[in-house]
Amino acid sequence: MKILIIEDERDLLDSIVSYLKGEGFLCEQAPDYLTAEDKLAVHEYDLVILDITLPDGNGLELIKNIKNLHTQTGILIISAKNSLDDKLKGLDFGADDYITKPFHLAELNSRINAINRRRNLQGKERLTFHEIEIVTSAKQVYVKGEEMDLTKKEYELLLYLIINKNRVITREAVAEHLWGDQIDFVDNYDFIYTHIKNLRRKIREKGGEDYLKTVYGMGYKFTEK
Amino acid sequence: MKLLQKTSRIYLVMSSAILILAGLSLYCLMTAFFEDEITEKLYINKQRISQKLANGEKITNLPPVMKIEILSGNHASKLIINDTTLYDPIEKESELFKELISIENINGETYRITLRQMVLEPHDYIGNIGLTLGGVLALLFMGLYLINHYISKNTWKPFYQNLEILKSYSLEKEQPIQLKDSGITEFKELNQAICKLTEKIKTDYQTLKEFTENASHEMQSPLSVLHTKLEETIQHPELSEDQLKQINKALVAARQLSRLNHSLLLLAKIENRQFSQAAEIDMAEALTNTLKLFEDLTATKNITIEKSLENRVLVTTDPLLVNTLLSNLIGNAIKHNVSNGKIRIELNNNMLKIGNTGPTLNSPPDKMFERFVKGVPSSRSLGLGLAIAKKICEIKGWKISYNLYNEWHEIRILFGYFKE
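These protein sequences, in sequence, are chains A and B. Using this note's numbering, the first residue of the first sequence is number 1, and each one after it goes up by one. Using this note's numbering, the first residue of the second sequence is number 226, and each one after it goes up by one.
Hint data in this document are derived by calculation from the structure and do not stem from the laboratory. Positions of the beta carbon are idealized from the N, C-alpha and C atoms, including for glycine. Errors might be hidden in some of the hints.
Covered, in the sense of this in silico footprint (three residues per stretch, anywhere, with C-beta under 8 Å from a C-beta of chain A), are these stretches of chain B [as the list claims (entries may be wrong)]:
#: 1; region: 480-493
#: 2; region: 509-523
#: 3; region: 565-576
Derived DEER-like restraints, expressed as beta-carbon distance ranges [claimed, not checked]:
#: 4; chain 1: A; residue 1: Gly57; chain 2: B; residue 2: Asp429; range: 29 to 37 Å
#: 5; chain 1: B; residue 1: Tyr385; chain 2: A; residue 2: Gly57; range: 50 to 58 Å
#: 6; chain 1: B; residue 1: Ser395; chain 2: A; residue 2: Asn58; range: 55 to 63 Å
#: 7; chain 1: B; residue 1: Thr432; chain 2: A; residue 2: Lys89; range: 23 to 31 Å
#: 8; chain 1: A; residue 1: Lys89; chain 2: B; residue 2: Asp467; range: 41 to 49 Å
#: 9; chain 1: A; residue 1: His70; chain 2: B; residue 2: Lys567; range: 52 to 60 Å
#: 10; chain 1: A; residue 1: Thr151; chain 2: B; residue 2: Ala504; range: 43 to 51 Å
#: 11; chain 1: B; residue 1: Lys392; chain 2: A; residue 2: Thr151; range: 55 to 63 Å
#: 12; chain 1: B; residue 1: Lys567; chain 2: A; residue 2: Thr151; range: 36 to 44 Å
#: 13; chain 1: A; residue 1: Asp56; chain 2: B; residue 2: Lys624; range: 43 to 51 Å
#: 14; chain 1: A; residue 1: Thr151; chain 2: B; residue 2: Asn573; range: 51 to 59 Å
Using the sequences and the accompanying hints, generate a full structural model.
Here it is in structure tokens:
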């Protein structure tokens, strides 16, 4: 999958590119409006990640551009403004999703995957990790071919972990992914353990291996090692 | 005390003192004047009588006011004036008289001429003086009252109107303050001073608000860099457990900072009235939706929710404002609750009540809605949730209050309390 990342903050751009390359995406970068315009005129991308507050132009204009040139391209907006106005405008202009700065790289990855599933695979994707198989269109999970009975949160948790496999994911990133803004009203993350514990138990019950490692004092890592 | 009352009072005290002084001097002057007049009259009459006697005319006595006697023997000429009290048979009472006794020789005879003149006694006119002055005072009072009434009705009218305008003025308003012109120089100067002052305050306030918003925006990018760099760092496999812990603390702090930033930004936006979308929202529906979002959190804490929601409680506002308000209130009710606690929600056309069980708070209730006031000082909370809720209520013209009833913390919102 070919992705163009338009972001004027150089350091942030580097981090995004390095993370996504690690996920096996083909990444190109544009640090400003003009470069982005040039690249979009020449190449076709599966996805454009776009910071709408650029120093030399309005990112919203770029969305129009992209929509005119390549209808198949997915668009993910990054914004420093947590403003509904921008969000609605961006989505109205044809963006697929919207993420507010600062974000977890794992969350960005998860959103990219979701857009990719919707746009390019029409939701027919099957995600596999050894004996675990997720059919995203039906929101079903199979372990060794046997269907698992997961709650909505457990399903989302597993999907998130598998998409960001082999990476250390912080508890905060997990919590924010699953509960969004509601996380502001949580005084500790104890309740995540419950979901983690249940998920582990259910996988084990189906004869699956426990790939979920606890990274002490930090979070989790879904890995075979 | 009102200004007019105050001046009237001073004016009345002064005029009463002056009138009393005037009465006293009038009394003294009149007494002296009457005395002079009577004495002069007695002299003149004595002169006339002496003249007539010298002409050999016969003069009839008229007691007690006139008595002429011929004295035998030799007497030196003498003139005496004194006061005496005599019984007046006509008036049938004792009266004060001025008496002039003159002993003189006329055509070889010694006469004693006694002339008397009834004196106007002070008590006869002191009452009249008092009455007249009292009357004048009463007229003054009345005049003053009417003048004051007129002044406050007309001359001070623009002043009071401007006072009302000032009282109801809010810095949030778009237009500059509009004061009434009175045509009175002092008031005009006051108006100019106020207009200048409010403009200055308004500009400063605007700058401050813009500063908050801009600062928050500008902070997001470096925060993002900080955040993502830390997240990248934790992927290194050779990090020790201790190092991971340290980085995690830095990550949590960065996250906290960005949440704070978002909240401040939201507050600034609400203050700047940037949420202008208007939609009709069913409060019961909005509450149910919000509760659904929090289902997982309430389940974790095993919190029971009692609802008594009236249908068709409609408000017209930006949906984001209502959602933010309800999430803040319900979120707080969960967060500050105890395990196995309760939440009680009541909604009707007049108000919304959200109550929760929970430990006693450290902050005083009247400070609850201020920024950065936390119920539990050490908590992860930013202390902005209720400040945001209050701001939203202010914009909607609702009144929000906090109460503690037998271990129940209750937030109450009265709809339509103030006119928008």
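Against the structure, the hints come out as follows:
Here the region 480-493 of chain B counts 6 residues with a CB under 8 Å from a CB of chain A, which clears the bar of 3, and the coverage holds. Counting residues of the region 509-523 of chain B whose beta carbon lies closer than 8 Å to any beta carbon of chain A gives 4, which reaches the threshold of three, so the coverage claim holds. A stretch counts as covered by a chain when three or more of its residues have a beta carbon under 8 Å from one of that chain; for the region 565-576 of chain B and chain A the count is 0, and the coverage is violated. Take Gly57/A and Asp429/B: their Cβ atoms lie about 33 Å apart, and the range 29 to 37 Å holds.
For Tyr385/B and Gly57/A, the Cβ-Cβ distance of about 55 Å falls inside the hinted range of 50 to 58 Å, so the restraint holds. Remark: the range hint 55 to 63 Å for Ser395/B to Asn58/A is contradicted by a beta-carbon distance near 33 Å. In this structure the supplied range 23 to 31 Å holds for Thr432/B paired with Lys89/A, their Cβ-Cβ distance being about 27 Å. Taking 41 to 49 Å as the suggested C-beta distance range, the pair Lys89/A and Asp467/B conforms, at roughly 46 Å.
The beta-carbon spacing between His70/A and Lys567/B, approximately 55 Å, falls within the hinted interval of 52 to 60 Å. At roughly 33 Å, the beta-carbon separation of Thr151/A and Ala504/B lies outside the given 43 to 51 Å, and the hint is violated. Taken as a hint, the range 55 to 63 Å holds for the pair Lys392/B and Thr151/A, whose Cβ atoms sit roughly 57 Å apart. A C-beta distance of roughly 25 Å is found between Lys567/B and Thr151/A, which places it outside the suggested range of 36 to 44 Å.
The given range of 43 to 51 Å is respected by Asp56/A and Lys624/B, whose C-beta atoms sit roughly 48 Å from each other. The hint said 51 to 59 Å for the Cβ distance between Thr151/A and Asn573/B, and at roughly 35 Å that hint is violated.
The structure does not agree with the numbered hints 3, 6, 10, 12 and 14 stated previously, though it agrees with the rest.
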